[in-house]
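Novice: Now for the letters of each chain:
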Amino acid sequence: MATTYEPIATQTANGSSSFHDFSSIPATYTDLVIIIGGSVGDSGPFLRFNSDSSALYSHTRLFGNGTSAGSGRFLRGAGAPNDTRMEIGLGSLSEIVTNIYHIMNYADTTTHKTILCRGSQAGVNGAYLAAGLYGSTNAISAIRLGNTNSNPYSSGTVMTLYGIKAA
Amino acid sequence: MSLPSRLLGANPSIQVSTLLSGTLTTPSARGTFELGSFESIASTTAGSGGVSSVTFSSIPATYTHLQIRFLSRSDRASGGDYFSMRFNADAGANYYLGHQLQGNGATPTSYANGSGTSILVERVPSADSPASCFAVGVLDILDYANTNKYKTTRSVLGFDGNGSGVVNFASGAWFSNTAISNIVITMVTGLHVQYSRFALYGIKG
Numbered sequence: 001m002a003t004t005y006e007p008i009a010t011q012t013a014n015g016s017s018s019f020h021d022f023s024s025i026p027a028t029y030t031d032l033v034i035i036i037g038g039s040v041g042d043s044g045p046f047l048r049f050n051s052d053s054s055a056l057y058s059h060t061r062l063f064g065n066g067t068s069a070g071s072g073r074f075l076r077g078a079g080a081p082n083d084t085r086m087e088i089g090l091g092s093l094s095e096i097v098t099n100i101y102h103i104m105n106y107a108d109t110t111t112h113k114t115i116l117c118r119g120s121q122a123g124v125n126g127a128y129l130a131a132g133l134y135g136s137t138n139a140i141s142a143i144r145l146g147n148t149n150s151n152p153y154s155s156g157t158v159m160t161l162y163g164i165k166a167a
Numbered sequence: 001m002s003l004p005s006r007l008l009g010a011n012p013s014i015q016v017s018t019l020l021s022g023t024l025t026t027p028s029a030r031g032t033f034e035l036g037s038f039e040s041i042a043s044t045t046a047g048s049g050g051v052s053s054v055t056f057s058s059i060p061a062t063y064t065h066l067q068i069r070f071l072s073r074s075d076r077a078s079g080g081d082y083f084s085m086r087f088n089a090d091a092g093a094n095y096y097l098g099h100q101l102q103g104n105g106a107t108p109t110s111y112a113n114g115s116g117t118s119i120l121v122e123r124v125p126s127a128d129s130p131a132s133c134f135a136v137g138v139l140d141i142l143d144y145a146n147t148n149k150y151k152t153t154r155s156v157l158g159f160d161g162n163g164s165g166v167v168n169f170a171s172g173a174w175f176s177n178t179a180i181s182n183i184v185i186t187m188v189t190g191l192h193v194q195y196s197r198f199a200l201y202g203i204k205g
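So the protein lines, in turn, are chains L and X. My numbering applies: residue 1 is where the first sequence begins, and numbers increase by one. My numbering applies: residue 1 is where the second sequence begins, and numbers increase by one.
No wet-lab data here; the hints were simulated from the structure. By construction, the Cβ of each residue, glycine as well, lies at the ideal position given by its N, Cα and C atoms. Incorrect hints may appear among the rest.
Have a look at the derived ranges for each label pair, beta carbon to beta carbon [to be verified]:
hint : chain 1 : residue 1 : chain 2 : residue 2 : range
1    : L       : 43        : X       : 154       : 28 to 36 Å
2    : L       : 65        : X       : 92        : 16 to 24 Å
3    : X       : 109       : L       : 123       : 22 to 30 Å
4    : X       : 128       : L       : 78        : 34 to 42 Å
5    : X       : 194       : L       : 139       : 12 to 20 Å
6    : L       : 19        : X       : 49        : 18 to 26 Å
7    : L       : 126       : X       : 111       : 19 to 27 Å
8    : X       : 148       : L       : 27        : 42 to 50 Å
9    : X       : 37        : L       : 96        : 21 to 29 Å
10   : L       : 124       : X       : 177       : 39 to 47 Å
11   : L       : 110       : X       : 107       : 27 to 35 Å
Full structure from sequences and hints, please.
Specialist: Right, here's the structure in full:
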């Protein structure tokens, strides 16, 4: 019998790779979920879809650091490489963070893709929520994970891609 | 009788219906029963012309929690929109509309919507947002079938319009000990436009 929420692939960082790719993602699910647990380097992680480095990425974010809350936005046109990838999620060189990305309707070819990210970290910017827009109607079949300063994820950082099927 | 057959017998008529301008469309019955801790119950996608309401009915009490995963956009002209959520057709003042923590890309805000006749979920893009831009969200209803507790909802929602958009943490409440068997989700001002989608999942604990 079909499983509703199932792991598609898992990667564990070796501490030296600059990128981690999920490729050949089947279009048979409704939503994708990526969970990253570990140290993803300072300045934060990014996602790039289908090797698309066009200026199609933007986001809105909300965060709290235990002292104050803030909200920000990133627009297309801000310049490469920032708007050529989705720079959402929490990052730290020394602390463990958890970033959970929900990619709804990833295989739909009529809508742009909205990605919801929840980040959790014990230190700075400990609570985080962001919505990113990938302005393409292409189905997502590949996802690259990296760090915005090209730092490798720390050894042992686990990245798991899940698929969820709706009825 | 095999386990799947017994379980199918316990869940014979989970239905999803959409309401379009007062006309109730044909409910779609759930398909193959799926075993596991996280199970798909029903889903619906708005067709051409959009829908004002989405209904999940005959929800079995066999799960511990429910989760709704959704995409939503309104045809309201501007200003964004909200959708309301009611349980078991209760239209009385038995809800807490919600507490919100929201970011609009510049300023974080926190506010309470107060008591009311539904739970409000906000905010989804309106017609003035970039084309094909939808809000997405995950809404959890914990212990939905527990008859000893009021029902609490929690949600995360957001959209980005490349210069517009909001992200939102929210909670709501239904002050009833009755198990939830019916959920109606209604866009407050406009319609859920074509391609808006709501999917209901059950989580066993």
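Novice: It remains to establish, for every hint, whether it holds in the given structure.
Specialist: Each hint tested on the structure:
no.	hint	result
1	L/43 x X/154: 28 to 36 Å	holds, 30 Å
2	L/65 x X/92: 16 to 24 Å	violated, 41 Å
3	X/109 x L/123: 22 to 30 Å	holds, 24 Å
4	X/128 x L/78: 34 to 42 Å	violated, 22 Å
5	X/194 x L/139: 12 to 20 Å	holds, 18 Å
6	L/19 x X/49: 18 to 26 Å	violated, 43 Å
7	L/126 x X/111: 19 to 27 Å	holds, 22 Å
8	X/148 x L/27: 42 to 50 Å	holds, 43 Å
9	X/37 x L/96: 21 to 29 Å	holds, 26 Å
10	L/124 x X/177: 39 to 47 Å	holds, 42 Å
11	L/110 x X/107: 27 to 35 Å	holds, 33 Å
In this structure, the hints that do not hold are numbers 2, 4 and 6, in rising order.
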